[in-house]
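There are 4 protein chains.
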Amino acid sequence: MIIIMRPDATAAQIGVVTDKLKKHGFGVHLSQGAERTVIGAIGDKSAIQLEALQMLPGVSEIVPIRKPYKLVSREFQKEDTIVALPGGVKIGAGEKLVIMAGPCSVEGEQAFLEAARAVKAAGANVLRGGAFKPRTSPYAFQGLGEKGLQIMAQAREETGLPFVTEVMDTRDVELVAKYADMLQIGARNMANFNLLREVGKTKKPILLKRGPGSTVQEWLMSAEYILSEGNKQVVLGERGIRTFETATRNTVDINAVPVVKKLTHLPIIVDPSHGTGEWDLVPAIARAGIAAGADGLMIEVHPKPDEAMSDGAQSLKPETFQELMVSLRGVARAVGRQL
Amino acid sequence: MIIIMRPDATAAQIGVVTDKLKKHGFGVHLSQGAERTVIGAIGDKSAIQLEALQMLPGVSEIVPIRKPYKLVSREFQKEDTIVALPGGVKIGAGEKLVIMAGPCSVEGEQAFLEAARAVKAAGANVLRGGAFKPRTSPYAFQGLGEKGLQIMAQAREETGLPFVTEVMDTRDVELVAKYADMLQIGARNMANFNLLREVGKTKKPILLKRGPGSTVQEWLMSAEYILSEGNKQVVLGERGIRTFETATRNTVDINAVPVVKKLTHLPIIVDPSHGTGEWDLVPAIARAGIAAGADGLMIEVHPKPDEAMSDGAQSLKPETFQELMVSLRGVARAVGRQL
Amino acid sequence: MIIIMRPDATAAQIGVVTDKLKKHGFGVHLSQGAERTVIGAIGDKSAIQLEALQMLPGVSEIVPIRKPYKLVSREFQKEDTIVALPGGVKIGAGEKLVIMAGPCSVEGEQAFLEAARAVKAAGANVLRGGAFKPRTSPYAFQGLGEKGLQIMAQAREETGLPFVTEVMDTRDVELVAKYADMLQIGARNMANFNLLREVGKTKKPILLKRGPGSTVQEWLMSAEYILSEGNKQVVLGERGIRTFETATRNTVDINAVPVVKKLTHLPIIVDPSHGTGEWDLVPAIARAGIAAGADGLMIEVHPKPDEAMSDGAQSLKPETFQELMVSLRGVARAVGRQL
Amino acid sequence: MIIIMRPDATAAQIGVVTDKLKKHGFGVHLSQGAERTVIGAIGDKSAIQLEALQMLPGVSEIVPIRKPYKLVSREFQKEDTIVALPGGVKIGAGEKLVIMAGPCSVEGEQAFLEAARAVKAAGANVLRGGAFKPRTSPYAFQGLGEKGLQIMAQAREETGLPFVTEVMDTRDVELVAKYADMLQIGARNMANFNLLREVGKTKKPILLKRGPGSTVQEWLMSAEYILSEGNKQVVLGERGIRTFETATRNTVDINAVPVVKKLTHLPIIVDPSHGTGEWDLVPAIARAGIAAGADGLMIEVHPKPDEAMSDGAQSLKPETFQELMVSLRGVARAVGRQL
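Those sequence lines, one after another, are chains A, B, C and D. First residue of the first sequence: 13, per my numbering; consecutive thereafter. First residue of the second sequence: 13, per my numbering; consecutive thereafter. First residue of the third sequence: 13, per my numbering; consecutive thereafter. First residue of the fourth sequence: 13, per my numbering; consecutive thereafter.
For reference, chain A alone in the conformation it holds in the complex (with noise of 0.2 Å):
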């Protein structure tokens, strides 16, 4: 943590400051500069609220030099972490890319299974689909529960695809990880730090979805709780952030993936539906994700998108999914990866 103070400082206020930063056990640095003194705490506190020297007359500004998180960082774990799920399927680094597709909810037994074999036709290796959904209004259909998640259950029984659901209640978390491979926490409970406390005490792979307000270093922090439970199997995922452009649902930070890349051993994958909101955009943004860096794709798929109930606008019919995926093969290759 460095102290830098005001150029008007007194000696007095100096010393404040200092000797506060003595009395919590750190060591004093000082550096007197061509118009102010900095201040260097040395040592390793991170419980004491330091930002609350801001207040302290004479503090022009408080620079936090560590990091906020530790066990995602790549200071603290160089190689790459691999997240492994059943059916052969690895996500990360140096592996096959990973195609998670489906519909966005599970809207019946029918037509999940039809969509489940369509997607799995394709080439995806991990299926998707909500049991619980968490809508903006209370009165949309809010998913079908226990009886969604037998659906997928049986959907993977018959594909062989593992699959991936969001938990969005500390109280469903048993729940849902007796059914599904992967649990999902949705870009909405990304800060839900209970929930995180509550999946990362699972040891299920956990796919984390970067809030649409949230910064990369939130995010992480996010995982942080996650792994600081014992669980270290998390995917990020990135699905678009809010700005004020409204051309499209979400604006897809691109950037995110190779910073990503360089803060964290951890694997990423993009979902160009959520970061669209338009069907037409997502083949153009999967390519991009993955020409990025990215270790996998989350996409949805729906049989028949006018008819959906939830998320129609924003899903690939499975021939258009198809397609995309011969285009990305190619994009795969390019950056030495493979579907």
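Hints listed in this document are in silico derivations from the structure and should not be mistaken for laboratory results. Remember, it's a predicted structure, so these values are computed and weren't measured experimentally. Treat each hint with caution, since some may be false.
Since the list gives no way to pick out one identical chain from another, each pair is judged satisfied if it fits inside one copy or across any two copies.
[Stated by the list, open to error] Think about it this way: if two alpha-carbon atoms lie no more than 27 Å apart in a straight line, the pair counts; the simulated DSSO-like pairs of lysine-lysine are:
1) K329 with K32
2) K79 with K159
3) K34 with K190
4) K34 with K159
5) K90 with K274
6) K244 with K102
7) K213 with K159
8) K35 with K102
9) K90 with K329
10) K329 with K274
11) K316 with K274
12) K90 with K108
13) K159 with K244
14) K216 with K244
15) K79 with K244
16) K35 with K316
17) K32 with K316
18) K190 with K244
19) K329 with K35
20) K79 with K190
21) K329 with K34
22) K82 with K159
23) K132 with K82
24) K108 with K79
The hints should help you fit chains B, C and D onto chain A, whose structure is shown.
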């Protein structure tokens, strides 16, 4: 719902859209413009996801007519809702302003009682304090839990002021409701829909903070979740949104105060502490909130901010809070309210 | 400037950085922390782009210590700047509040005179009107040009009120300065640095609107351009920033008012008309601006808003403006100011 | 234009709106919904500011039907525009990708020639360099002016590559056009409408960078300004928008690439250097831009980035640029393009 067709839409494409609307029970109204056809869908079928029509060939855009919320809207209820707390506190238009004050976290019995006495002496009418704290870092102080609730109950006993405190987990709603006079849904949980439903089932007054990445409309939809469970005692809390500006922790959306007053009958308060993140900006923004028409304020006050376990940099000392209260009286009077 | 090295930086890498600093004439100060080395660069060489050091191996982060602006800073000048306009109008802390009012565009002689009389009668002390209009569409009304300036000069003649108007082009600065009492740099031109230099060369008071996508720091840097040319008569104008919120045209950054007061000695006014985009929100935000400590307001007033050639939806009718002026008096008094 | 009335609008209020529309020459089309009346205004009167109708009593919302731009729209021109530069460079769909490369600023003759040779050797087909630099600080290096233009002309002579450079001032358009093969409108000047008109009057190809706070629609409106002056040779440049994320200098709006391709016939390129602000993120985002469908890239390359007078931290060394070009070939091939 209005469906705007593309200028080059064919008669057949228009036919597909109108057929689909009729099949779902809508009346259809065609309007042939200079360049395009516009289709009005008449009826009340919010369960159908008309947005998905956007993917039909020839469709340019879908424009919703109806607001997605109902119970919270001014159109549904013209007269202002007044939220009542024990101790005779009433929150809402026409009433005395509510001033909720206290430390960010309950850190211990003596410290909290000291803070409670100080804010009461200065004229606050509701205590605030955190027992369950949503912290970005898993390694930061997480609150005292039930012990914190007991301390606040004790302070209520002594001061006669009701208290508001955050609940973060569906599993804790019952516990927190046993102690608290008002349950706070924190900004990070604004779209934790299961939690909204749970607090909606209690009959406790709710303070619903706005998510920093959420629009006013989404905020009102979250309130709709609570009202749809039968709990109409909801106060909205503007606490700053996330923007590109880094000079302050958040950007208080002061526009939201009159916007909310137009759209809903629910009361609104402003939180200048989280809204700015810096104690010396708090008084100006507190005054601005009242001048803009807010029904009250929520302000962090700590006897020793530079030793606070959370949010010290944005907490007022009791004496600064007292000075602020004095200046607020004049502003309140100027807008026809009182402290 | 502080250079934070990576935990794994080698002695050789640290040596490269310190050598480069010394070569550029900086003093160097090493601080060895628990995990990392931090290098202080001591000296005053703002011409050197130390940011580029970030790409040297082993460097983690560069932290600037010095604020990038100088003449506009509070540290450079403690006492508040007072900007004087003809007619005895003074803008700045401690002075009577300035109320600039009038239609968005000058549309014709009679209409403007009518508006000018009305705003004077209500108590405005500066006229506003646009002769050169920056319009999003090339097909929209672009202003009357010099004819508009003449009409405003005529209104000044009749009412005795000075006027402010926008200049958009370096080639027009001389012309506009010939007529106007205060030159406005519009939000879209906040970073048009050549234009800033040109108006800096005039000795006219300048109203510098904040760019909707610009931080407070960038805004102050733009003011620095004007002051660096020798013109210290600059008033800052907060008119809303661009955020994800779509309920209003812009989001008034009310926090910026006290922030600016801390960082600079220049006066600041608030423009609730552009800041909200809706006339019925204007009064609340005007009051909030004054309550937050602004030195004045800029408000669009039009005799027939529903027939205005630009910005009708956000313009007050003269009678609404008059009512607003009454309520503003109370707020002004509460914060120790007067209208 | 569609006018949505409030549910409680009276017949008289509806009459006022329809009368006003008819008075302005619009056809009127009433649609009576379940709850509200919706009024369609039929006709082509973009000069009238229908938005101002919003303030009439009983009006809830105004929905524009028509896009505000015309000449740039896909609806106006279906086939892709190809922008031609000297030296046989063609920019646009179906053509070879354009790679514009070179240092941020022209700093001197030898340095620029060295950079020019290096980027040519690596396969760039257009040179870039700044002679007039829009710098945030008035004290920073502002470019060499005409001398810089001459150096770039000399580099063109030697390498045979055309060059693009920024023009910031209406007064400099003629001078810059005398030397440059393509004029760049920088991000800060995207809404400098007079400058847009001036470059529209030249017959030079224009590179129009997106303003960091501007929507795609506003960007297209700025292009419309240029086309409306008769210059159709416009290339759009996505260079990142401003968001809350601070991990990178800007956020590349990768979604904008396919969005722009849908809405307009103009070519689009991506600038990963400004888009990220960090050289080691540039390759990933360059690849993503091509994968998303961009027609080219603009990349900062500097022989000695750590000594650059501007933007060193985001500049590639020539050897890194060369490696990038190799990997780009594969991505280009995968999307049916070539370098």
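> Hints broken by the structure, by number, lowest first?
Replying inline: The structure conflicts with hints 2, 3, 4, 8, 13, 20, 22, 23, 24, although it agrees with all the remaining ones.
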